[in-house]
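S.K.: Residues in the sequence shown are numbered from 1 upward in steps of one, following the working numbering.
Keep in mind the hints are simulated off the structure, nothing from the lab. Take these hints with a grain of salt, some might be off.
As the list claims (entries may be wrong) - Straight line, CA to CA, 30 Å or less: simulated DSSO-like cross-link-like pairs of lysine-lysine: (1) 63 x 73; (2) 5 x 63; (3) 73 x 5.
Predicted model only: the values in this text are computed from it and were never measured.
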Amino acid sequence: MTDAKPRIVITYCTQCNWLLRAGWMAQELLSTFGTDLGEVTLVPGSGGIFTIACDEHLIWERKRDSGVPDAAKLKQLVRDVIDPERDLGHVDHSRPATKNPA
Numbered sequence: 001m002t003d004a005k006p007r008i009v010i011t012y013c014t015q016c017n018w019l020l021r022a023g024w025m026a027q028e029l030l031s032t033f034g035t036d037l038g039e040v041t042l043v044p045g046s047g048g049i050f051t052i053a054c055d056e057h058l059i060w061e062r063k064r065d066s067g068v069p070d071a072a073k074l075k076q077l078v079r080d081v082i083d084p085e086r087d088l089g090h091v092d093h094s095r096p097a098t099k100n101p102a
């Protein structure tokens, strides 16, 4: 028996013309995670929907999360589900530094 690889499902609104955005996000995830993912699926929808799920985990919902994530945020969210210990390199290290109180 083989371990199933994570499955990403991006559901996008066709009325809002979000196919290109959904496709770009799929490409970003495949470029970053490569063969660590089993598949990335685009599912057309309507009514302003834009959701991203990883297996059973809803990791982004446009209305709940106020918009659409940028690529860096999406990669972090997916990583947190499929491999929390993974370092995403510049994506993780480009966060603004926090100031220490004096």
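S.K.: It remains to establish, for every hint, whether it holds in the given structure.
M.R.: Structure-based check of each hint:
Taking the CA atoms of residue 63 and residue 73, the gap is near 16 Å; set against the 30 Å cutoff, the hint holds. At most 30 Å may separate the alpha-carbon atoms for a hinted pair to count; residue 5 and residue 63 meet this at roughly 28 Å. For the proposed pair residue 73 and residue 5, the alpha carbon gap of about 21 Å is at most 30 Å, so the pair holds.
No hint from the list above goes unmet by this structure.
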